[in-house]
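Given chain W, put chains L, R, E and X in place with the hints provided.
Residue numbers (our numbering), protein chains in the order written: chain W, 1 to 259; chain L, 1 to 259; chain R, 1 to 259; chain E, 1 to 259; chain X, 1 to 259.
A hint or two may mislead.
As the list makes no split between identical chains, a pair holds if one copy fits it or if it spans any two.
Derived lysine-lysine pairs resembling DSS-like cross-links, with alpha carbons at most 25 Å apart [what the hints assert, rightly or not]:
{"id": "1", "residue 1": "K154", "residue 2": "K202"}
{"id": "2", "residue 1": "K83", "residue 2": "K50"}
{"id": "3", "residue 1": "K132", "residue 2": "K103"}
{"id": "4", "residue 1": "K83", "residue 2": "K175"}
{"id": "5", "residue 1": "K103", "residue 2": "K83"}
Keep in mind that the hints were calculated from the coordinates and are not lab data.
Letter by letter, the chains look like this.
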Amino acid sequence: MKQERMAPFLTDGRSMLLAYDQGLEHGPSADFNDRNIDPATIMETASKGKFNGVVFQKGVAERYYDGKIPLIVKLNGKTSLPKGEPISKQECSVEQAMSLGAKGVGYTIYLGSGFEAEMLSEFGRIQEDAHKRGLPAIAWIYPRGSAVQNDTSKEIVAYAARAGLELGADAVKIKYTGDPTTFSWAVRAAAGVKVFMSGGPKAPTDEDFLTQVRGVMEAGATGLAVGRNVWQNDDPLRMAERLRRIIFEETKGKSRQSK
Amino acid sequence: MKQERMAPFLTDGRSMLLAYDQGLEHGPSADFNDRNIDPATIMETASKGKFNGVVFQKGVAERYYDGKIPLIVKLNGKTSLPKGEPISKQECSVEQAMSLGAKGVGYTIYLGSGFEAEMLSEFGRIQEDAHKRGLPAIAWIYPRGSAVQNDTSKEIVAYAARAGLELGADAVKIKYTGDPTTFSWAVRAAAGVKVFMSGGPKAPTDEDFLTQVRGVMEAGATGLAVGRNVWQNDDPLRMAERLRRIIFEETKGKSRQSK
Amino acid sequence: MKQERMAPFLTDGRSMLLAYDQGLEHGPSADFNDRNIDPATIMETASKGKFNGVVFQKGVAERYYDGKIPLIVKLNGKTSLPKGEPISKQECSVEQAMSLGAKGVGYTIYLGSGFEAEMLSEFGRIQEDAHKRGLPAIAWIYPRGSAVQNDTSKEIVAYAARAGLELGADAVKIKYTGDPTTFSWAVRAAAGVKVFMSGGPKAPTDEDFLTQVRGVMEAGATGLAVGRNVWQNDDPLRMAERLRRIIFEETKGKSRQSK
Amino acid sequence: MKQERMAPFLTDGRSMLLAYDQGLEHGPSADFNDRNIDPATIMETASKGKFNGVVFQKGVAERYYDGKIPLIVKLNGKTSLPKGEPISKQECSVEQAMSLGAKGVGYTIYLGSGFEAEMLSEFGRIQEDAHKRGLPAIAWIYPRGSAVQNDTSKEIVAYAARAGLELGADAVKIKYTGDPTTFSWAVRAAAGVKVFMSGGPKAPTDEDFLTQVRGVMEAGATGLAVGRNVWQNDDPLRMAERLRRIIFEETKGKSRQSK
Amino acid sequence: MKQERMAPFLTDGRSMLLAYDQGLEHGPSADFNDRNIDPATIMETASKGKFNGVVFQKGVAERYYDGKIPLIVKLNGKTSLPKGEPISKQECSVEQAMSLGAKGVGYTIYLGSGFEAEMLSEFGRIQEDAHKRGLPAIAWIYPRGSAVQNDTSKEIVAYAARAGLELGADAVKIKYTGDPTTFSWAVRAAAGVKVFMSGGPKAPTDEDFLTQVRGVMEAGATGLAVGRNVWQNDDPLRMAERLRRIIFEETKGKSRQSK
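Bound-form chain W, shown alone:
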């Protein structure tokens, strides 16, 4: 039976991660203001907000990771600039991530891209390497590219979740389908792989976002990897507190999955 490599990031089997690689993925002008452009404020939010982990690229990790909560280093990344089929390649080794203090590694796969095979194959090597070193390999799985029409349909989100299972990911970060019923199909498809909702762009209101999170947890997810909906919030720590309450208290025992 599989050992639970995600344990460092779990509280009673649930988790809330703070993601902060948007500077590379979207660019600072798309997502940051004068406050949250500074990684130190995010590191502080992560620990004061009692997140189960923080997600950085290696450069941010080296300069700003303070060791107070567990670290996940994203091993690949791309900018939003290039056109054409999406491809993101490894730019940090598992070994280097560990030397920066990582307790887990992340990797993005653009399912359906014309370069899908490159990413599946690279993730395969990373997963093996990480497991040999005792680290969980977390897959950000985003169906994208000219072959993908709707990346939040029930079918496509479940496909992403299932791909994570098949490829040996310890956890997957996927988009929300929009309602707990359809999302619970994705959780079932993951078949034991920890499912994290990808927070996505800031929701119109806090309540909108919290409703999503409630739905995700009721659907049986493990938790949330959130970025903009926390650190773009006027009061990130209050938002973190509200999320914690939903994830660790409110929805406990209400999941549709018999986990």
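Just chains L, R, E and X, lined up with the frame of chain W:
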């Protein structure tokens, strides 16, 4: 003379394998229902149904393989999403497969694809690696891509079988041509390589499928690697029982090949 | 001075090889009948027909090579299915070929292909590896692709021969130009590299083929790597006998080259 | 906390580097005259002009580097000739750079290029290698290619700076936005990574260029990597002197950043 | 300061090399007759003609190099057949070249090709490998491809020379611009890298070619790498004698460069 590396998967030279990598290849919504989306039910079907082996991707193997029957780990895989010439690359090493308990490894080659050379070459390295470790290398050989018109013609199915022989596969999984006479040409082309019919999508009726299996065995095949026609069946164990009877009893001694 | 690595395949500096990789290159239905689809019959023809060597892909070698005559393992291969510029990549290592009993290795280069550089480079590595292990590296050199109009002109056949010399091949297998005068230019271009005529598809009559062989030997070639013109013949051993007579007796001392 | 690998190139946290790889990037006829085509004159300018470091390709470093000031070896480079999406690949290893005396290595990334992933990935390996050897990895980050419209906008320059941070660069060399206010956003995006303005083509007048430098330093940059604006100047040492005064004296304490 | 790795190929700092890789680059029918198709005649011309070195591909070197004068092995090569952007990849290792007796290695870079980055990068690895083993790395630099209009303009020839310097070549082989004044700009651009004129196709008359050579030497070049203008000559040894006189006597002390 060649040693029989397929021995762990054979009963009197015949075999019945249960395949379950459709979650990656087709997606959970295409093939699964609430029951068979759960790998544990398939593992149970595989052992209770007395299959000679079960085929998983590494992630499913790590979480659900229980050691009761021999394991084959598929080393490559792709989703059904990308357009263009098909390509599936290695995402699990032979070494890792062994560490998960595999007694054999599988690899898909899309013969005729614009990326054929990549897959022939990668399978070549895998086959050498597997043989050094004493494991059989099983080739899923599917002619596909813009250059392939009819992937179940006598000629193309025999080509797939023959490619398996030439490349040093210990067994090939190929599609059925539709009748025993034409399929026996594929078996002859394989020239000693164990031939498994690929079960394919669920047949309209059980009898339709059983007729295919009878034809395949009469044509001299080693057996069947079946998935959907068993685990999408309302009574998978009964279907398994009927298949066993055909493969190991009914068709015994009735093959057209002088093996 | 160069050592003669081809010695295991030579009788008084001449040679007659039996090639049998057409199952991969053309498919069984294009070239085989019920008899010659069986590699065992070819192995028997090769030894009873007193060939100087037999050419197999690794899979056939492992199952059917009996050690009675020297073995050449083809290290790359492709099917006839894909469209576009031809590319054939290594799927057997020199080390693996040796472990199967090979005394020489073969590799196909499609000169003029858009992938020419890939194959020249890969052959370069193989040749170095083979020479370190004391094995000859034999180049099948076939100008092909959209840039090649006529692959049997005097100029293009001589170019193939010369490329073999420059790249360090111990022998080249090239097509016949159609007459001894033009083919002797290719032999001169090879400048000491052993030249084998590629037998090609079955000639209309036996005499047609034997005339070709006479022309090739008179042009100064080392011999012939023949497949279909022997094993598609109604009496392969008689054809082999007739070829031997031409190669080792009739044309002896009649070559236009002062070798 | 991150160690300051850039220390060898800093004076009180500020720096002025002399770059001289234009012979490869633009060609000698585009940028050089009879004087500055000679690398010895540039080496002399670099040391007499009291630069904090000089940037050479490996070939120039081997022949002309005299050890008087610290050396940065550029590890990749391209010519201006090829059309299509820009790509520049490693042609010098970190190990070789060190053997030539380098105290730092540089690498160009064309953000937004269709080959962005290749360069991000290669820089990732170089950065890890350099850090293991104790050397800073300096990223020349130039958004370029068909997807990039305006490579000096506030947004795109800040994106370049931020990518340097995320990827673990110790310093970035980026273009100037044209005014201190917008450039200070890039400096904030770099979040501690040393920011160097790329000097670019010779400005219309010395004053124009000095105004740029003043703006850059006021925006909080570390300094300047200048080439043509010094060694195309009629009096390079006088220009160097004026730059030093701005960087190390005039703008001291006037930065908008609270560093 | 750089050691002079070219010393084995120099007489008083000047040099005359005999090149013979045209059999691969252009094909035997384009360049050879019954005499010069035989590498033995070229080896004899090289030593009797007192050349400073002879340039062979590995296959010719293994069979025909006699050790009487120093050897350069070309490590890459292509045929003239493929269309599209030019690419030539390594097919001989530095180690293998040494084992054949090489005292230097050559590599062709098609500057401006869509595959420029591949060749710059591969040359970079070869140069490092060669230098570790104490061998000079000589770059044949030919601007070519759809982006290059005129490959003998002053600007483009100087660019080729400069690229050789930047990339760490010990010598460059470049085309002649047509007159000493413009060629001297290329020599200055090379900045100490030994410059060899590429002989090119046979000139209309001997005098035409000798005039070119005089111009090249007056421009400050190190010498000449000549092929067709010597071995296609009716009296190769007389031509060699005339070249020696120009290179080592006539033009001595008349160079425009203060070397």
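Hints, one by one, checked against the model:
Within a single copy, K154 and K202 get their C-alpha atoms as close as 22 Å, and across copies as close as 23 Å, so both meet the 25 Å cut-off. In this assembly of identical chains, K83 and K50 lie within 25 Å of each other by CA distance neither inside one copy nor across copies; the values are 38 Å within and 43 Å between. In this assembly of identical chains, the alpha carbons of K132 and K103 lie at most 25 Å apart whether taken from the same copy (13 Å) or from different copies (20 Å). When the C-alpha separation of K83 and K175 is checked against a cutoff of 25 Å, the pair qualifies both within a copy, at 22 Å, and between copies, at 22 Å.
With identical chains, the CA atoms of K103 and K83 are never at most 25 Å apart, being 33 Å at best within one copy and 36 Å at best between copies.
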